[in-house]
Amino acid sequence: MSGNGKNYDSIMKILLIGDSGVGKSCLLVRFVEDKFSPSFITTIGIDFKIKTVDINGKKVKLQLWDTAGQERFRTITTAYYRGAMGIILVYDVTDERTFTNIKQWFKTVNDHANDDAQLLLVGNKSDMDTRLVTYEQGEALAKELGLPFVESSAKDDQNVNEIFFTLARLIQDKIDSNKLSDAKNTNDGNVNIKSSSSSMSKANCC
Amino acid sequence: MIKTTCSFENCKCSIITIKDENSDMITEFATDMFNALQLMQQREEDLTNSEFFITKDVWDFDNIGVSKDIPSEILEQDNLNKFVFKYADDQYKIDRCLKYLICADCDRGPIGVVCEVSTVDGGNHKQTLHLISLRSVKCIKT
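If you read the protein sequences in the order shown, they are chains A and B.
Heads up, the first sequence is in full-length UniProt numbering, so the first residue is 1 and it goes up one at a time.
Heads up, the second sequence is in full-length UniProt numbering, so the first residue is 1 and it goes up one at a time.
Think of the hints as simulated: they come from the structure by calculation, not from any bench.
Owing to the predicted nature of the structure, the values given are computational and were not obtained by experimental measurement.
Do not rely on the hints blindly, as some may be mistaken.
To be verified - The list that follows gives simulated cross-link-like pairs (lysine to aspartate or glutamate, DMTMM-like), each with its CA atoms no further than 20 angstroms apart:
#	chain 1	residue 1	chain 2	residue 2
1	B	K82	B	E21
2	B	K3	A	D54
3	A	K6	B	D32
4	A	K59	B	D57
5	A	K6	B	D57
6	B	K93	B	D24
7	A	K6	B	D69
8	B	K12	A	E151
Produce the complete structure using the sequences and hints provided.
Right, here's the structure in full:
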């Protein structure tokens, strides 16, 4: 092996989904312009990021993907959803249309993504004075769709990292509880065909 | 072991840890490679250092940002194959520079590249490698 050796417990592919303009990219990239970050990086844009977080003492590597403008043409391919363990549905609290469209995105995600994928609803740009969608409205929609909900401001790094961490923890909890129920099912002599926790924890490709 | 972090004091994001057994994946390149690839050369000390750490596996990184494909108008690809380096007992050349690597927290960079390479002898060992410039990050030996 010429690699650097496996130095993590699990990996999770996470997608950012929502209308263009809701600030998905801002959740992923800050693009501070200073003398050290030349503008050509901004021009090229980011494919994905890897971030390592500690969850219950486990070293978990998150791979975060942005749809990068493809949503404008609704051409997000099935390949994009493949293997995604977490999906962040983003709307803009200053733009009601992006909030209304969440239901459509929710349907699209359910059509294409793995059944086990953990979703999270995020109301972005919560720092803006021009808010049109209230926190309560976001909360109500999340309840209706059965999703966890947070608001975010891309201006606040702490808050943005918290979103990724929250989702990663939800996924890890799911994996852990699936393993528990797997063990139970095995004891009962039943075979849990639908369970995919083992394939999840072994997921190793990008 | 060498821990590499973002070189900016207000960031210090952990990038990759180079274990002792992988120290042979640190390879010296010609110094004009930094300019040819337009890499950030933050550290003012030690400008003679032109080492890169090479890894095949992007999951080796603790935190990293990977750019989209570099458009041809941003990077001149034609003369990159003059950069020859040793990797896994073979001499390789850079065929194409595909993507840039940046800090995953503060987005500063580029601190490295993703390259398509093949062996100099034409034996066609085509592969994709991640090259992190040790001059563009902070290295802490432990």
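Structure-based check of all given hints:
no., hint, result
1, B:K82 to B:E21, "violated, 28 angstroms"
2, B:K3 to A:D54, "holds, 18 angstroms"
3, A:K6 to B:D32, "violated, 33 angstroms"
4, A:K59 to B:D57, "holds, 17 angstroms"
5, A:K6 to B:D57, "holds, 10 angstroms"
6, B:K93 to B:D24, "holds, 17 angstroms"
7, A:K6 to B:D69, "violated, 27 angstroms"
8, B:K12 to A:E151, "violated, 27 angstroms"
Checked against the numbered hints above, the structure violates hints 1, 3, 7 and 8; every other hint is satisfied.
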